[in-house]
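Protein chains in written order, with this note's numbering: chain A, 470 to 894; chain B, 470 to 894; chain C, 470 to 894.
Rather than coming from a laboratory, the hints here were simulated on the basis of the structure.
Fair warning: there could be bad hints in the mix.
The list treats identical chains as one, so a pair stands whether inside a single copy or across any two.
The list that follows gives simulated cross-link-like pairs (lysine-lysine, DSBU-like), each with its CA atoms no further than 35 angstroms apart [claimed, not checked]: (1) K881 with K540; (2) K746 with K664; (3) K664 with K881; (4) K623 with K710; (5) K671 with K502; (6) K688 with K878; (7) K671 with K823; (8) K558 with K823; (9) K881 with K485; (10) K471 with K881.
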Amino acid sequence: MKKNLTLVVLAAGIGKRFWPLSANKTLFPFFGKPLFRFPGQIPGQITNIVIVSDLENADRFRETETPVAKKVVIQPEAAGMADAVLCAKNELSGGSAIILIADDVAQTGLLEQLVAKAASTNASGVLIGWKTPAYFPGGYLRLAGNRVMSIEEKPGAGNEPSPFVNIFAQYIEDADLLLAQLSRTRSAADDVYEKALSVLMKTHEFVMLPYDGRFASLKYPWHVLDVMDVLLGELKSYKGKDVVIKDNVILEGPVYIDDGVKIFENTKITGPCYIGKNTIIGNNNIIRHSHIGAGCVTGFNTDIARSYIGDNCWFHGNYIGDSVLEGNVSMGSGARLANLRLDDGEIKGTGRNKLGAMIGTGVRIGVNASIMPGLKIGKDSFIGSGVVLAQDLPDNSFCTAKPVYEITKNKKTASGSRDKFKQKI
Amino acid sequence: MKKNLTLVVLAAGIGKRFWPLSANKTLFPFFGKPLFRFPGQIPGQITNIVIVSDLENADRFRETETPVAKKVVIQPEAAGMADAVLCAKNELSGGSAIILIADDVAQTGLLEQLVAKAASTNASGVLIGWKTPAYFPGGYLRLAGNRVMSIEEKPGAGNEPSPFVNIFAQYIEDADLLLAQLSRTRSAADDVYEKALSVLMKTHEFVMLPYDGRFASLKYPWHVLDVMDVLLGELKSYKGKDVVIKDNVILEGPVYIDDGVKIFENTKITGPCYIGKNTIIGNNNIIRHSHIGAGCVTGFNTDIARSYIGDNCWFHGNYIGDSVLEGNVSMGSGARLANLRLDDGEIKGTGRNKLGAMIGTGVRIGVNASIMPGLKIGKDSFIGSGVVLAQDLPDNSFCTAKPVYEITKNKKTASGSRDKFKQKI
Amino acid sequence: MKKNLTLVVLAAGIGKRFWPLSANKTLFPFFGKPLFRFPGQIPGQITNIVIVSDLENADRFRETETPVAKKVVIQPEAAGMADAVLCAKNELSGGSAIILIADDVAQTGLLEQLVAKAASTNASGVLIGWKTPAYFPGGYLRLAGNRVMSIEEKPGAGNEPSPFVNIFAQYIEDADLLLAQLSRTRSAADDVYEKALSVLMKTHEFVMLPYDGRFASLKYPWHVLDVMDVLLGELKSYKGKDVVIKDNVILEGPVYIDDGVKIFENTKITGPCYIGKNTIIGNNNIIRHSHIGAGCVTGFNTDIARSYIGDNCWFHGNYIGDSVLEGNVSMGSGARLANLRLDDGEIKGTGRNKLGAMIGTGVRIGVNASIMPGLKIGKDSFIGSGVVLAQDLPDNSFCTAKPVYEITKNKKTASGSRDKFKQKI
């Protein structure tokens, strides 16, 4: 390891695939902090941090406090990972580097392990190899013992050279070597970075740090649930200041309750669950395995399961299953986010059987509305009462039910009292 | 004050503006008694009560017990307040009078205060001046010190001669003076009474009794909620005979529970709330700041907030917010009365942002029906299951959902067991 | 009584009237056992059992254990009761017989009483006479004292020769006498058996065993509820092995909880109720007077009243009233089975005012769907979210809501926070 070890946080890139959620994935908040803050503790060997940002979000990265001096550099266009690293050229030159993919999420400690491995090896580079439980569309490592010979992008199920995929971060002993190779490498596909590393591997030793923990990569909006799972897996019970918990509230498993939270009677929270600041969990709720942001009100009789809820959401007698609500979403009484097809089949293109809605900010949903599984609803859209929504909605949509009823003269009269039914209950 | 002090209760008038609720507003029941019974204790100085009624409802006034001898006189047509007072001419002549507007509701004690003021003043009349918190469409008092110089009807916001509005009741030392002036005064608008008083004020001293308590005037059906607020503001906790309260029932704040009421498990009632005789509050309910009449059954899992519910209503898994149900209304499971527009905007013409439905007697609403905010539903109407109602319904309407579905051959089969999902909860 | 007393269980017959439930009514399961197992304890005097089955289901009868040696004989076609008894000719000849109608359900002990009566009488036959509480479409007994003179099929209300109807089982001292008469009797209607008995009554003494207990006959699918009522009437509280009952679960009245059942918090079960093996009753449920099969999951906030639920059903925030679900039925959150017309009128052709849906196996129902009272839904049908179903569905139907909404550009924006509403709750 050279004297200077720089952590390059690749956080640029406006992800169109992430719609209807806000563009920069690495700023998506979990537990009140943007995602890029979650690599864990910064090891002492790291002397500089460089964040590569897109132009729009650079200020937000600048505002975020980091334990080590940081610099924010701009990647003018979303031109891939190699280009992003080259944007940090001036900051990297002459030292060692760890290239961190900020929308890759692993268990806490993995960055520390990588630094420790870097400190103890004579190799020119260290790659983390995630042992995939099933085929994963990433860069698989071709290995010779523990030495990495090349990275093979998306080989297809059955053609994997090993079970290990390149994820999260790479350590490069000589940053200049990497920068030079990145400048030279050309590819028609979006794999310049991996190709450049593979070229270096022919002449230099790269070794693998194996990892078989939880991992998620934030590309599509439903991946928010995967990232949430990784992060919830480390959650510990906590109770902040000015928390009010009423009678007959059942907390099971790890539940993080931030300051000012109120939880009303006859409600159960099954952890792991995060409840953000000043959120009100209403009466007779059930909340399971979910992230609830700050300033929310869940109202009476709401059921939230395996879902990400951002800040300032309002509910009331809703079912929200396997869904992602970015924030400032309100649902009228009886509105439901369906999360399972009638035939239990895959929600198209997601690899998931259970998936509810993915909803941008500023959305309002009327009473008794039904949103079909796997739909995406653009920000600032309104969905009327009783709508049975069966398609994605672009941003700023106004979707209302047509009046499909007939009004005629009523020829019948209701009985004045229904006391006859009282006995039968 | 002359020897005879007569209280004239102006209770005539079939209010079309009060539709879909029953015509005579002053008979609208609160806490099991008609509204006109709520001026509070009748002070001892009052020797006679005259109720001015329309023809249709005269018997109902005659039947109501009063602590002082009363006479009911008929106003043949809804010809305004001056005409109503003149209908009581024979009963008033030779004495003093308090003219009470029976659909004006103030805190208990205001009538006593007016009588005490009348007894202690040398003035020819006393008007109550309600200090309005915001512009109110009533008769504003032009003052010189504490002397009332004239009444100015609906001057428009910004043009008020003072913050005080003429409400509830007026004391007149010489009833004959008033009667003579009422006979002489002419006006194209419905303000003969106020004009006549203003004429008298030029030659006689009228003083103001200021009032800054709660006040509501019952003109439109949503005003029932305002009147309810005034009356609930004085409610005290009470528990009648033969009341059954099951385990884990939470009562918070003042809750009046009349005889024979049953409240089932896991239900919370947040006062002020009135629960009428023999009403059954079901399991897992939440009832907040509401009036529930006698003989109701709220069923399982009902949520009632800030609403007036009359007698003999049946619910079941409903949401009822900021709504007025006169009585004998039933709602099927999952039917909801929406009370907030998607844009949080004003419910047209009401000055309210939160307003549910206003529903006459004998109405039936099917399962999963959705009633949009601020709608009026005429008596004896039926609304079918699943209807998303977006318009008022006249009396005796029959409104049913058209069948908007397709039936084809099912090519899929459900799995015999869903055990795979059991672990994921 | 002759030496051999054979119990003939008439269990054949594919009942088309029983659709959408599976064909052979006598195999319909209650409490985990097929219906034909419910005549109660087999008295010791019975030496043989003969089950008359249709061809399709014979193996299922053969597989069922009985306390006495049994034989299964086949009735090739659904050719009526007389034909069914004649199918057992070889097994009956030379002895006495009790002819048991396997889809007639009475209280436990009635078979024992019949055998005891048979043992103590000199009469040639004993008929049970059920004292009908109201007109019942069956065979009424014309009596002379306690002697039965004839059976009069469906005489019409007001024309009953006595209040007693022939139900459940008949004892015949000389089976050969019956068999001979059955062979000789002809009728255009489906009453050969009753006519044959009536002929024998002219020359032989038949006496009545009166019965005024609970009784139900399983002909139409809604009769499952009547049979359930009879059987639930005898239910006793029981708690099996490995049962988990969480905090604040209220059990009232007789509740039978089979092995492996889990009941979650804030749920009330009002007996009589049967809960089958390994079923999970979720949080905040209410279950009243119902049969829930094995392997079910009721989810959060489900309300089941007076209903029969078979095995492997999944619910979630549903209302299920007065309904019959054969098994493997799933309902999405907020789906409701309506059980009462808006005018409280009779559900056509059933004699019931309260009746929900009758649903075959393998049915899936989407979120917020509404099923109108008294509908029949054929097996393996899917019903989409938000459908307001107003007609029966044949087997294998796919019924989905048409998209009845409009999408335009939204001109409004939701406020970022709804904190202004927090104070008003």
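### Task
Up to 35 angstroms between alpha-carbons, please classify K881 paired with K485: within, between, both or neither.
between (56 angstroms within a copy, 24 angstroms between copies)
### Message
My question is about K671 and K502: at a cut-off of 35 angstroms on alpha-carbon distance, are they close within one copy, between copies, both, or neither?
### Response
neither (40 angstroms within a copy, 71 angstroms between copies)
### Task
Since the copies are identical, ignore which copy is meant and state whether K558 and K823 lie within 35 angstroms (CA to CA) inside a copy, between copies, both or neither.
neither (43 angstroms within a copy, 58 angstroms between copies)
### Task
If the cutoff is 35 angstroms on CA atoms, where do K688 and K878 land: within, between, both or neither? Let me know, please.
between (56 angstroms within a copy, 28 angstroms between copies)
### Task
Please work out whether the CA atoms of K471 and K881 approach to 35 angstroms or closer within one copy, between two copies, in both situations, or in neither?
The answer is neither: 89 angstroms in one copy and 57 angstroms across copies each exceed 35 angstroms.
### Message
Reference check for the pair K664 and K881, CA-CA at most 35 angstroms: within, between, both, or neither?
### Response
Neither. Shortest intra-copy (78 angstroms) and inter-copy (45 angstroms) distances fail the 35 angstroms Cα cut-off.
#### Entry: Up to 35 angstroms CA-CA - K540 versus K881, copy category
neither (76 angstroms within a copy, 40 angstroms between copies)
### Query
When no copy is specified for K746 and K664, does a C-alpha distance of 35 angstroms or less occur within a copy, between copies, both, or neither?
neither (45 angstroms within a copy, 58 angstroms between copies)
### Task
Using 35 angstroms as the alpha carbon limit, work out where K623 and K710 are close: within a copy, between copies, both or neither.
Answer is neither: 48 angstroms inside a copy and 51 angstroms across each miss the 35 angstroms cutoff.
### Task
Evaluate K671 and K823 at a C-alpha cut-off of 35 angstroms and name the case that applies: within, between, both or neither.
neither (44 angstroms within a copy, 70 angstroms between copies)
Consistency note: the structure conflicts with the earlier hints numbered 1, 2, 3, 4, 5, 7, 8 and 10.
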